[in-house]
Each structure stands twice: as C-alpha cells, then as structure tokens.
Amino acid sequence: MAETGKRRGCLGCSFPVLIIVAIVFIAIFVMGFLAGPLGQALFGEISWLKWMSVGRPEPHLPAPVLFHIFGLPVTNTILAGWITVVFLVLVSWLITRHMKLVPGRVQAAFEAIVGWVYDLCQSTAGEVNGRKFFPVVATIFLFVAFNAWLSLIPGYGSILLGQNELIRGANTDINTPLAIALISFVFVAYFGLKLLGIKWLKQYFDVGPLFRGIGRIFKGKFDFMAIFSGVIDAFVGFLELLSRFITIISFTFRLFGNMTAGEILLLVTAYLIPWVLAVPFYGLEILIGFIQGLIFAGLTLVFATMAVTPHQEESH
Amino acid sequence: MDKWIPALRVTGIGFYIATCIVGGTLVGWWLGDKRPLYMIIGLVSGVVLAFYGAYRMIKPLINNNNRKENG
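For the record, the sequence lines run as chains A and B.
All residue numbers for the first sequence refer to my numbering, where the first residue is 459 and numbers rise by one.
All residue numbers for the second sequence refer to my numbering, where the first residue is 1323 and numbers rise by one.
Just so you know, the hints here were simulated from the structure itself, not pulled from any lab data.
Check before you lean on any hint, since a few could be wrong.
Claimed, not checked - Between beta-carbon pairs, the in silico distance windows are:
hint	chain 1	residue 1	chain 2	residue 2	range
1	B	Asn-1385	A	Glu-585	19 to 27 Å
2	B	Asn-1385	A	Phe-473	21 to 29 Å
3	A	Val-644	B	Lys-1390	43 to 51 Å
4	B	Arg-1357	A	Trp-509	41 to 49 Å
5	B	Arg-1357	A	Val-689	25 to 33 Å
The model shown is predicted, which means the values in this text are computed figures rather than measured ones.
C-beta atoms are modelled at their ideal positions from N, C-alpha and C, and glycine is treated no differently.
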C-alpha cells in the first residue's frame, strides 16, 4: 500500500528534525561543559571555546541606587517593579480595548486567569466578601507572578549601567515583598474593621474579662478564677496580635527567599555549564513564580476571610 | 477549587513556624545581650507562639473534617 504522506514524528516535529535538534542540543551541552569551570578543571582550558564561558556570578542582596527622583532613591528593583506595572496596565488595556463576546485566544487566556482567581475568592470568602476581596487578591497575584516571570527575560540582570545592573527582578529586593506584605496586612485589617467593627479589635485586645475580675475586687468580691481566665484571654489576644505581625515577616521572607534563591540558582547553573543547563531551571522558575503569586494572594485571601469571620462562628 | 484553600492554609504554616522560632531566638539573644538564658526564653516563647499560630491555622481544617465525618 502506498504511503499517504502522513509522516511519523513526536512533539509536532518529524523524527529527522528532532534528531538534528537533539544533536545540536547535546553538542552545545558538551561544548558548554568543556568551556565551564567543571570542564576546565577536568580537561584544562580550551582556548577556542573561551567565548562560551560565563563570568563567575557575584550576587548582591542590596539593590543599588541608580538615580534620584525628588530626592527619593530609585533602585534597579524599583525600576523592574515599574516595568511590571506598566506591562500589566498595557496588557490589560490592549486586551479589554475590543472585548468580544466570542473571545480570541489572548482574551480567552486572560479571562481564564482572572476567572480562576475570582472563583478562588468566591469559594473561600463567599459570594459577597469574595467580590470585595477579589481586586486586591488578583492584583497581588498578578504583580508577584509577573515580577517573577518578567525577570526571566534576557536583559534583566545582564544590562549594566556603570557598575550596576540596570534592572533586576523586583521580588529579589526584600523591600518589595515587605511592601506587598504590609499592603496585605493593611487590607486584612481594613476589611476586618469595616465588616466586624470593634469586634475585630476585641480578638487582639481581649482585656474585658480581666478588668471585670479586677473590678470585683473593689466591690469586695475576690474571684480568682475570673481574674485567671481574664489573664488567659488577654494573653491569647496578645498571641493573636503577635501572630499577625509575624505573618508579615513570614510573607516577606518566603517570597524574598524563594525568588533570590531562584535567581542565584540560575546564575550558578549558567556559570557551571553555560548555555544549556540553565534551561530546565528557567522552566522551574516559571512554575515557582506562579506558585509564589498564588501563595501570597491565597494567604491574603485566607487571612482576610478569617478576619471577617467572628471567632465563635469559626470554631463551630 | 475546594482543594486549593486547605492547601494554601497548610502552605503558610511552615514559614510561619520557622519565623516564630528563629525570630523568638534572635529577639531573646538581642534583649539579653547574648546571654544564653534570655535566648532560651526567646526560643521557648517562639515555639509557644509557633504552636499557637499553627493550631489557629489548621483549626478550620479540623472543624471541616469533623463536620464531614458527622455528616
């Protein structure tokens, strides 16, 4: 039977193309290995492969100041944060400019992302509160995730301005995660106060029972158990308050640690075996960016939901 | 979608516990001018706070499970 012209292949490519790609990939890997410090240590320096080697990474944690605006220092990470903001605003504007009832590919992709975050908010906080929390939660998710993804684009960390990098991933500066954590904290406090009023503060400053117990002493009744349980309530309130502040620190260090470690990992892999070894780690960083965005936004949502749920209701 | 919420709650616990314990120890170390007794008091306070916070975070999960088991 004659061939119908249908070619066998894998991943949308024919086998000959795949074999050529694999050979090129392996060749670059071997050449990168020989050009890198591992290959040099084993086989000595090969002069004609020198152009492939990558400089020894020297990561610096503090972000260098590039210039000042009205006396305020602008670092390379602030610049990267602004790029993310401009990118998100532009993309949102472009996509929502000509919205169609039957969406195109890009519109459908963004509708899927936003719809997914919206569903997450509603299933966690309920229909009414979910709608209120959605703008902040979605903003945190998109900002954190796109900060991470955009920092993988060539140019970040490689374009120099004098001695310093012009732009560096915003999440790798501890001030950015701290700022987002503080926004998350203020947002939770705002909704707690707005929806529960003074009851929200009561969980942190539960000194009423203690004062009532002390008040009884002045009336001539000494109730040890009332004072003791009042002290316990006040202590639990203090623990709650401390716990809220520690959450800010843990939010900050989680994002900062993951993103900085990711960046250093990419630098080190690109240095050890230049060109090819870093590629799978780039894929890993895309996933980590998504997960970190989800964790930051999701935990903000969970804490906001806890803040607007009275304690009695929560324990039932 | 329901599976995401418990997962997110649990994800937050690890870093929270680490921050409490490390933070408590460092605060004790700093307050006591590097004396070991204050460092141990800070460490114990951090551990207490870590357990309390972790309990508060997983309490809704336990309640949910109990509710499901009781129908």
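Hint-by-hint comparison with the structure:
no.	hint	verdict
1	Asn-1385/B / Glu-585/A: 19 to 27 Å	holds (21 Å)
2	Asn-1385/B / Phe-473/A: 21 to 29 Å	violated (57 Å)
3	Val-644/A / Lys-1390/B: 43 to 51 Å	violated (35 Å)
4	Arg-1357/B / Trp-509/A: 41 to 49 Å	violated (57 Å)
5	Arg-1357/B / Val-689/A: 25 to 33 Å	holds (28 Å)
When held up to the earlier numbered hints, the structure conflicts with 2, 3, 4 and fits the remainder.
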